[in-house]
Structures are given as structure tokens and as C-alpha cells.
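Sequences are here, hints too, so could you generate the full structure?
Top line first, the protein sequences correspond to chains U and G. Numbered according to our numbering, the first sequence terminates at residue 114, and the numbering increases by one at each position without gaps. Numbered according to our numbering, the second sequence terminates at residue 117, and the numbering increases by one at each position without gaps.
Heads up, some of the hints might be wrong.
[As the list claims (entries may be wrong)] Pairwise CB distance ranges (calculated):
(1) U/A18 to G/S15: 46 to 52 Å
(2) U/K73 to G/E63: 33 to 39 Å
(3) G/Q29 to U/A1: 29 to 35 Å
(4) G/E52 to U/Q14: 42 to 48 Å
(5) U/K16 to G/K66: 21 to 27 Å
(6) G/T115 to U/A71: 45 to 51 Å
(7) G/K14 to U/D55: 47 to 53 Å
(8) U/D29 to G/F39: 46 to 52 Å
(9) G/L117 to U/A71: 50 to 56 Å
(10) U/K70 to G/K66: 24 to 30 Å
FYI, nobody ran anything at the bench for these hints, they're computed from the structure. Here a beta-carbon is modelled for each residue, glycine too, at the ideal position from N, C-alpha and C.
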Amino acid sequence: AQKITQTQPGMFVQEKEAVTLDCTYDTSDQSYGLFWYKQPSSGEMIFLIYQGSYDEQNATEGRYSLNFQKARKSANLVISASQLGDSAMYFCAMTYTGFQKLVFGTGTRLLVSP
Amino acid sequence: GAVVSQHPSRVICKSGTSVKIECRSLDFQATTMFWYRQFPKQSLMLMATSNEGSKATYEQGVEKDKFLINHASLTLSTLTVTSAHPEDSSFYICSATSGVGGTDTQYFGPGTRLTVL
Numbered sequence: 001a002q003k004i005t006q007t008q009p010g011m012f013v014q015e016k017e018a019v020t021l022d023c024t025y026d027t028s029d030q031s032y033g034l035f036w037y038k039q040p041s042s043g044e045m046i047f048l049i050y051q052g053s054y055d056e057q058n059a060t061e062g063r064y065s066l067n068f069q070k071a072r073k074s075a076n077l078v079i080s081a082s083q084l085g086d087s088a089m090y091f092c093a094m095t096y097t098g099f100q101k102l103v104f105g106t107g108t109r110l111l112v113s114p
Numbered sequence: 001g002a003v004v005s006q007h008p009s010r011v012i013c014k015s016g017t018s019v020k021i022e023c024r025s026l027d028f029q030a031t032t033m034f035w036y037r038q039f040p041k042q043s044l045m046l047m048a049t050s051n052e053g054s055k056a057t058y059e060q061g062v063e064k065d066k067f068l069i070n071h072a073s074l075t076l077s078t079l080t081v082t083s084a085h086p087e088d089s090s091f092y093i094c095s096a097t098s099g100v101g102g103t104d105t106q107y108f109g110p111g112t113r114l115t116v117l
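As C-alpha cells, this is what we get:
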């Protein structure tokens, strides 16, 4: 069964600094997708970035990049130049080919201070 | 693109009443929609998977007769909480995807906060 582990319940970072949110996954499938979502206090889930298991390059979307280390089964999210608006819960999730369900981690709460 | 709306955003009802929550994909056709439940400070728990024109697939432990799901069109799915009780109070959030493969991105609605008195 697929499993996502986020070991950091909370992270603190100062504005303009970079922060890495950890995510490890467990699967025996060869084809899978990894996602990061942001959930602000309003509750909506905002899609940030996607990495396919066969993608050779790390995904990047603006200030977000995914540090994908397939052999270590890790998919850490890197946020560069943190902003106050980045304060939110961040969820790592995965799914795999032919199986559309998203498996979520427990989330990491990020707090960006001025 | 990829906008999903949900209505209502917040609902308060009396115990025993039924509540309907709508989930709409605004700018794409959603082959599959998902319904999640989230308790405070916890992750999302998948309740059911809904495909247009077919019966929803419920996760283990989710009561089908309690949580009725209808996916009548490629842009609309509804969740009806029947005979709601205080323990049904939660944050319900839907997602939608236009793909058929497992690695397609799910886009989420803004969620509905249900409070049952």
C-alpha cells in the first residue's frame, strides 16, 4: 500500500529565506505521481507542484521546486524567498497509474515570520 | 484554468435534516470527482470516488446511505448528508480531475464547513 510520511509537524522560517519541507513515500509501483498542496487557514487546497516518477528533472513552479530523490523515495518541497503569505499547512500526496486516489501525508504547518 | 467551486461554503443545520453540497468544475470537464472529509488539524480522508453517470465508489467505513453522491454531469457532483447528526460536523472538500490516468492532477474546491447542532 502507498504511504506518505511528513515528519515535520511544524516549521518556522523568516521572510525571504528558503525552506525545505520533507516528504518520503513508500510504494512498490514503478509509475506514480507526487503532489504538493497548500492549505491556508481558509481551507481550500491549492495545487503547487507535480513530479512524475519517470521525470528525470526536478519539477519547478515559480518559487516552488521539488527535490526528487527516487532511490531514497523522497520528494521534498523547497520554497525559495519565503513570503508571509506562504504561512499555511502543506500536504504531500501521491497517486499511481490506474489508481486515481490521492494518498496524503499528515501535513506540515509552515509559519513565516517577518 | 482548473477552477473548482463548492457551494455552500458554510452551513449550519439542525440534527435530523439533510444537507446537499455541490461541487462544480468551472472550466473543464471532470471525468472523476472525489469527496473528502477533514477533521480539525488532520489530513484529508477520502470518502468516495465519483464518475459521471455511474455509481460512486465508497471507501471502507463510509456509509453509502448516509452520504449520497450523485455525479449527474461532467461538471457537477453533489454530496448529500442525510439525517445529519452532530458527529457529521466536519469540513467537506471535493476535488476534480479531467484525466483518466492515476497521475492526473486533482483540483480542489474551497470546501464546505458543516456544523450540525
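How the hints compare with the structure:
1. For U/A18 and G/S15, the Cβ-Cβ distance of about 49 Å falls inside the hinted range of 46 to 52 Å, so the restraint holds.
2. In this structure, U/K73 and G/E63 meet the distance hint of 33 to 39 Å, their C-beta atoms being roughly 35 Å apart.
3. Hint check: G/Q29 to U/A1, Cβ distance near 31 Å, so the stated range 29 to 35 Å holds.
4. Take G/E52 and U/Q14: their Cβ atoms lie about 47 Å apart, and the range 42 to 48 Å holds.
5. Distance hint check for U/K16 and G/K66: the Cβ-Cβ separation is about 48 Å, which falls outside the suggested range of 21 to 27 Å.
6. Here the CB-CB span from G/T115 to U/A71 is close to 47 Å, well matched to the stated 45 to 51 Å.
7. For G/K14 paired with U/D55, a C-beta distance near 50 Å keeps the hint of 47 to 53 Å intact.
8. Roughly 29 Å separates the CB atoms of U/D29 and G/F39, a value that falls outside the hinted 46 to 52 Å.
9. Remark: the range hint 50 to 56 Å for G/L117 to U/A71 is upheld by a beta-carbon distance near 53 Å.
10. In this structure the hint that U/K70 and G/K66 lie 24 to 30 Å apart at CB is violated, the actual value being about 41 Å.
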